[in-house]
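**Q** Can you build the whole structure from these sequences, using the hints too?
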Amino acid sequence: MNIIEVKKLGKVYDNEGVKTDALHGVSFDIKKGEFVAIMGPSGSGKSTLLQILGLLDDYTGGSYYFDDKNIKDYNPKEVARIRNEKMGFVFQSFNLLPNASVLENVKLPLLYSNVPEKEWERKAREAVIAVGLEHRMEQDAKLLSGGEKQRVAIARALVNNPEVIFADEPTGNLDSKSGEVVIEIIQKLNRELGHTVILITHETYTAEYAERIIRLYDGEIESDKKVENRRLDGAAFTK
Amino acid sequence: MIFKYSIKTAVNGLKTHKSRSALTILGIVIGITSIILVVSLGQGAQNLILGQIKGLGATTIIVLPGKISFGPSTAAETMNDSLKEKDLNLIKSKANVPYAKYVMPMVVGAGQSVYGSNVYQVAVFGAGGLVPDIFNITPDKGYFFTDDDVTSRSAVVVIGYKVKQRLFENDEAVGQKIRIKNTTFKVIGVLPEKGSSSNFDDAVFMPYTTTQQDITGTKYYSRIVVEADSDADLQSTVQDITNTLRDSHNITDPLKDDFTVTTSADIAKTLGTITSALTAFLAAVAAISLIVGGVGIMNIMLVSVTERTKEIGLRKALGATNGDIQTQFLLEAVILTALGGVIGIILGSILAFLISLLISKFAGLDWQYSFPVSAAILGLVVSSLVGLIFGIYPARQAAKKSPMEALRYE
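Taken in sequence, the protein lines are chains A and B.
Residue numbers for the first sequence follow this note's numbering, beginning at 1 and rising by one.
Residue numbers for the second sequence follow this note's numbering, beginning at 1 and rising by one.
Check before you lean on any hint, since a few could be wrong.
[What the hints assert, rightly or not] Here are the simulated DSSO-like pairs of lysine-lysine, each with C-alpha atoms no more than 27 angstroms apart in a straight line:
{"hint": "1", "chain 1": "A", "residue 1": "K123", "chain 2": "B", "residue 2": "K4"}
{"hint": "2", "chain 1": "B", "residue 1": "K401", "chain 2": "A", "residue 2": "K72"}
{"hint": "3", "chain 1": "A", "residue 1": "K69", "chain 2": "A", "residue 2": "K225"}
{"hint": "4", "chain 1": "B", "residue 1": "K94", "chain 2": "B", "residue 2": "K256"}
{"hint": "5", "chain 1": "A", "residue 1": "K77", "chain 2": "B", "residue 2": "K8"}
{"hint": "6", "chain 1": "A", "residue 1": "K77", "chain 2": "B", "residue 2": "K400"}
{"hint": "7", "chain 1": "B", "residue 1": "K4", "chain 2": "A", "residue 2": "K142"}
{"hint": "8", "chain 1": "A", "residue 1": "K8", "chain 2": "A", "residue 2": "K226"}
{"hint": "9", "chain 1": "A", "residue 1": "K142", "chain 2": "B", "residue 2": "K8"}
{"hint": "10", "chain 1": "B", "residue 1": "K8", "chain 2": "A", "residue 2": "K118"}
{"hint": "11", "chain 1": "B", "residue 1": "K186", "chain 2": "B", "residue 2": "K219"}
{"hint": "12", "chain 1": "A", "residue 1": "K19", "chain 2": "B", "residue 2": "K400"}
{"hint": "13", "chain 1": "B", "residue 1": "K401", "chain 2": "A", "residue 2": "K77"}
{"hint": "14", "chain 1": "A", "residue 1": "K142", "chain 2": "B", "residue 2": "K310"}
{"hint": "15", "chain 1": "A", "residue 1": "K118", "chain 2": "B", "residue 2": "K4"}
{"hint": "16", "chain 1": "B", "residue 1": "K401", "chain 2": "A", "residue 2": "K69"}
{"hint": "17", "chain 1": "A", "residue 1": "K118", "chain 2": "B", "residue 2": "K15"}
{"hint": "18", "chain 1": "B", "residue 1": "K310", "chain 2": "A", "residue 2": "K72"}
{"hint": "19", "chain 1": "B", "residue 1": "K310", "chain 2": "A", "residue 2": "K19"}
{"hint": "20", "chain 1": "A", "residue 1": "K19", "chain 2": "B", "residue 2": "K401"}
{"hint": "21", "chain 1": "B", "residue 1": "K15", "chain 2": "A", "residue 2": "K142"}
{"hint": "22", "chain 1": "A", "residue 1": "K72", "chain 2": "B", "residue 2": "K400"}
{"hint": "23", "chain 1": "A", "residue 1": "K69", "chain 2": "A", "residue 2": "K7"}
{"hint": "24", "chain 1": "A", "residue 1": "K8", "chain 2": "A", "residue 2": "K72"}
{"hint": "25", "chain 1": "A", "residue 1": "K226", "chain 2": "A", "residue 2": "K7"}
In short, the hints are calculated from the structure, not lab data.
**A** Right, here's the structure in full:
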């Protein structure tokens with residue numbers, strides 16, 4: 001069953017009259033529970049695609065169905081609700097609130113959700129434990145290492161048990177060891193907990209943790225293939 | 001988003017930039033402080049003035065020389081010589097003013113009272129023997145002089161509470177002699193303390209004939225106090241006195257009256273209106289600083305919105321609606337200004353209290369501090385409104401941001 005269907009998706013940026021064609025005619029489906037990596041060189045449109053899929057930006061052509069519903073049918077409030085309940089985001093630059101504790105950062109999506117307040121603490125703690133940061137629970141986010149920050153961001157993406165996790169270059173700011181830990185956690189979320197994962201990366205090594213790689217070039221799909229030898233040998237994350 | 005968490009989020013946002021938040025609310029603090037200060041001092045002045053009039057009964061009529069001259073300013077009264085003995089006798093006549101219970105002239109002067117080495121500046125009230133009845137005050141030691149003392153121009157005085165304290169300290173005053181303007185007077189009574197609402201504590205009473213002879217050296221009166229028989233007769237008595245004096249002074253045009261007949265209620269009302277208007281005017285001037293403060297708030301909130309663009313993007317990505325973001329920034333502005341309001345109220349009250357202390361200590365007035373409850377409530381409401389009004393624009397700007405552009409912002 002498809003969670004995402006895009007048909008002839010297009011995006012033209014209009015910057016004070018200067019038009020830039022970022023995506024044109026992109027079509028693909030993503031099934032529930034799939035782990036898809038989107039690759040491509042700078043300017044290929046991969047980030048634009050992720051932003052549109054994550055409902056963070058509008059598209060200018062084609063159609064986008066999320067969970068079998070055309071997203072043009074949603075009003076802004078419903079879009080915010082989908083982002084809150086069905087999507088989780090992990091960004092390259094972590095985007096944590098530096099002066100808030102790990103637990104407070106992870107709780108953030110719950111503040112905007114319909115989850116009863118009494119469950120917030122439990123859910124947030126479970127998510128922090130799931131990324132192996134239980135010993136950092138009360139620490140301010142600014143005091144963490146890069147790898148730890150990204151694990152907090154994953155816990156935050158996870159806390160509302162979303163359908164899809166969007167990860168935009170999650171290992172881009174990390175050293176190779178921390179990067180490996182992070183990507184293995186993301187793979188585990190997909191393999192063991194069944195979350196659909198859409199990963200943007202420019203590293204083939206990282207992309208091979210996915211089961212399918214969509215390559216973009218100049219705003220078009222260059223290739224869309226299954227990963228032959230999927231990387232499953234990660235042992236850094238053991239929970 | 002649950003409102004409790006909206007407030008918590010807003011407070012956390014402000015806590016992150018403590019010194020900026022403090023500087024931002026300075027304008028509001030100054031505005032509310034000034035308003036509280038002005039209104040409190042205005043109320044103090046009003047209480048002082050009205051308290052002095054309150055000593056008079058509701059049926060008391062005061063005839064003053066000159067046109068519209070009342071209140072604590074005695075200069076016009078003492079300089080004007082329109083009220084003479086002839087007028088007093090005409091008013092006393094039942095044929096002219098049938099419902100006057102008491103008629104008593106007063107001569108107001110001032111001078112230094114001396115006892116031994118103690119000196120104290122006093123107000124001299126030359127009056128008749130009816131003072132205890134009209135002003136409802138009886139000496140708690142000794143006795144008040146009588147109309148016989150007026151006729152014989154006795155050199156006797158009844159002194160106010162403070163005069164006794166300053167001149168005699170703990171000694172017995174009754175029977176002692178004091179000097180005022182080179183005349184020696186025998187103290188025959190001491191008045192009880194009247195407190196802030198009266199200037200009797202700083203005064204000495206003596207027969208008005210004695211005052212005219214030894215203190216002012218004049219033949220006219222500073223005022224004539226008339227007590228009407230009852231409330232019902234008050235207005236007709238005012239009219240009778242007016243007619244009598246117009247006849248006596250050959251005045252046909254009421255606009256040319258050289259006297260003023262007024263009741264204690266009239267004086268209280270007029271002075272109340274004047275001080276209220278003055279207070280309102282000064283408070284309005286102070287309120288301008290609230291607008292300036294509001295613009296400051298708007299400015300800083302706009303900076304804050306720009307600075308926290310990424311946070312706004314993140315919150316939106318995590319599910320915050322435009323309304324959630326707008327509420328957060330609006331609450332930050334309102335919490336800031338309301339806090340400024342509270343600080344302003346506290347600061348204004350403390351300053352007003354200190355100034356009241358200084359006035360009563362150094363100006364010798366029985367000035368009492370009063371906390372302006374209504375101004376404080378209004379100050380809190382207005383400061384919150386300033387936050388609401390000047391916070392709307394920055395909050396809307398924040399809510400309008402596209403999540404992606406906000407996240408991309410560096």
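**Q** A separate judgement is required for each hint: does it hold in the structure or not?
**A** Hint by hint, here is what the structure shows:
no., hint, in the structure
1, K123(A) - K4(B), "holds (19 angstroms)"
2, K401(B) - K72(A), "holds (19 angstroms)"
3, K69(A) - K225(A), "holds (26 angstroms)"
4, K94(B) - K256(B), "holds (26 angstroms)"
5, K77(A) - K8(B), "holds (22 angstroms)"
6, K77(A) - K400(B), "holds (13 angstroms)"
7, K4(B) - K142(A), "holds (25 angstroms)"
8, K8(A) - K226(A), "holds (21 angstroms)"
9, K142(A) - K8(B), "holds (20 angstroms)"
10, K8(B) - K118(A), "holds (17 angstroms)"
11, K186(B) - K219(B), "holds (23 angstroms)"
12, K19(A) - K400(B), "holds (22 angstroms)"
13, K401(B) - K77(A), "holds (15 angstroms)"
14, K142(A) - K310(B), "holds (16 angstroms)"
15, K118(A) - K4(B), "holds (14 angstroms)"
16, K401(B) - K69(A), "holds (25 angstroms)"
17, K118(A) - K15(B), "holds (26 angstroms)"
18, K310(B) - K72(A), "holds (26 angstroms)"
19, K310(B) - K19(A), "holds (25 angstroms)"
20, K19(A) - K401(B), "holds (21 angstroms)"
21, K15(B) - K142(A), "holds (16 angstroms)"
22, K72(A) - K400(B), "holds (19 angstroms)"
23, K69(A) - K7(A), "holds (13 angstroms)"
24, K8(A) - K72(A), "holds (15 angstroms)"
25, K226(A) - K7(A), "holds (20 angstroms)"
Violated hints are absent here; each numbered hint is respected by the structure.
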